[in-house]
Amino acid sequence: MDFGFKISPSSAVNLDNVNVEKFEQLHSVEPDVYKCMACGSCSSTCPANRFSGMSMRKVILALQRGKEKEAISMMRNCMLCGKCSMVCPRGINTRHLILSISRIYKEDGK
Amino acid sequence: MKENIVIIGGGIAGLESAARLIDLGYKPIIIEKSDHLGGHVADWNCLFPDMTPAREVVNRLIVSSADANIFLNTEISFVNKLKDSYNIMLSNGISIITKIILFTTGFSVFDASKKEEYGYGIYDQVITNRDLEHWFNTGDDKRVNNCGMNAVGFVHCVGSRDEKARNPQCSKVCCITAVKQAIELKQKFPEAMVYCFYMDLRMFGKKYEDFYIGAQRDYGIRFIRGRVSEVSENIDGRVIVKAEDTLSGKPVKVTLDLLVLMAGMVCNSDSTKVAGMVGLPLDSDGFLKSKDNVADIIDSPREGIFYAGACTGPKTVPETLAEARAAALKIHLFIKSLQ
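Line by line, the protein sequences give chains A and B. So the first sequence is numbered by the working numbering: it starts at 1 and just counts up by one. So the second sequence is numbered by the working numbering: it starts at 111 and just counts up by one.
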């Protein structure tokens with residue numbers, strides 16, 4: 001039935017519908033991805049962050065919440081400078097992690 | 111038979127254990143490397159959460175342990191294992207034969223200059239939690255500008271939860287210390303904006319959560335969830351702090367008159383040195399290893415050697431005192447078992 005208006009879809013993250021297959025695949029090659037405590041050191045030190053919104057913290061979170069498109073579009077702005085790897089207090093090799101994400105999620109990211 | 115009891119470290123754990131052992135009829139020996147008793151607590155001004163003056167706590171402990179044999183400015187040169195006891199050689203030439211050693215060697219404050227990006231020792235406006243307590247005590251620190259204080263920042267987890275600083279564990283007490291010091295600074299400078307840059311706030315103890323709520327509601331202290339990535343100095347000598355405000359997902363920048371680094375707790379290197387002399391193992395966090403971390407935290411894996419306080423990991427003052435009392439009782443029972 002057409003009422004002439006639509007309710008916009010919920011913006012809530014429904015974890016029941018998140019496909020974690022790719023993230024599990026990522027986790028098996030990058031076990032450290034679960035070590036992120038979302039402190040934001042990587043984002044605040046990222047030279048691309050202020051101009052493009054690239055944030056490693058947000059990428060890791062978005063992938064776990066099933067927002068793969070959002071993550072991939074942020075990652076396009078990464079210049080692979082590796083500053084985030086230098087500052088990470090949990091010692092995550094973020095630069096290597098970015099390369100692994102690009103490989104695993106490549107068909108979505110193209 | 112009177113047994114010698116050697117207590118290594120004259121901080122609050124050593125003093126409390128000594129006082130309780132004196133109550134039980136023993137005459138313990140305290141070995142302290144510095145020229146005063148009370149350890150780190152003696153350098154502190156007030157203790158959370160009731161703002162108890164640290165001086166009072168330490169003085170009470172010094173009075174109650176006055177009957178112990180106390181060696182100040184004394185270090186342990188070496189320890190020999192004899193058949194069923196230890197021969198401890200002190201730097202003043204005295205040697206002690208004992209079956210019982212109590213480690214109350216405590217912790218060291220993390221050297222904040224190792225985190226070069228925070229500028230401790232480089233910029234004049236950057237101090238540590240310990241420097242701030244020293245200023246509360248003496249009012250003497252050129253880095254603290256008494257008249258013009260518009261904005262102050264606290265950085266949590268400096269040298270704690272940081273694999274790059276080789277210290278991945280949480281130092282536990284800095285969160286509540288930052289809240290306490292933020293309140294104290296706000297009381298001294300009501301006009302100043304006070305910011306705390308944190309990753310997680312761990313308010314685990316009695317009344318800590320109330321203290322934290324008070325800091326927000328009554329003192330208006332701003333808590334920003336994000337780890338400071340770097341600190342720089344502007345042309346008029348104020349410091350610029352950069353972080354990510356992870357709750358809004360935006361980079362944040364603020365100019366401050368004073369930046370306080372909450373340096374964490376690390377194992378005391380002298381403690382590790384003496385532990386090595388008697389073959390005590392270290393735990394994976396770098397502190398001394400207990401026989402069991404749940405049931406036997408004050409027992410070492412070696413007979414006759416006991417621990418109390420922060421030598422086995424970061425602890426608060428009441429936790430340290432409770433362990434010190436427990437260790438005194440444990441030593442008493444151990445001596446009974448020898449007879």
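No lab work stands behind these hints: they were computed from the structure. One or more hints might be untrue.
Only pairs whose alpha carbons sit at most 30 Å apart, straight line, appear in this in silico DSSO-like list of lysine-lysine [unchecked claim]:
#, chain 1, residue 1, chain 2, residue 2
1, B, 363, B, 298
2, B, 282, A, 83
3, B, 446, A, 35
4, B, 209, B, 296
As the structure is a computational prediction, the values presented were derived from the model and not from experiment.
These are the hints, each one checked on the structure:
1. With a C-alpha separation of about 25 Å, the suggested pair residue 363/B and residue 298/B falls inside the 30 Å cut-off, and the hint holds.
2. Only pairs whose Cα atoms come within 30 Å are accepted, and residue 282/B paired with residue 83/A is accepted, the gap being roughly 28 Å.
3. This hinted pair does not check out: residue 446/B and residue 35/A have alpha carbons roughly 49 Å apart, beyond 30 Å.
4. For the hint linking residue 209/B to residue 296/B, the alpha-carbon distance of about 51 Å lies beyond 30 Å, and the restraint is violated.
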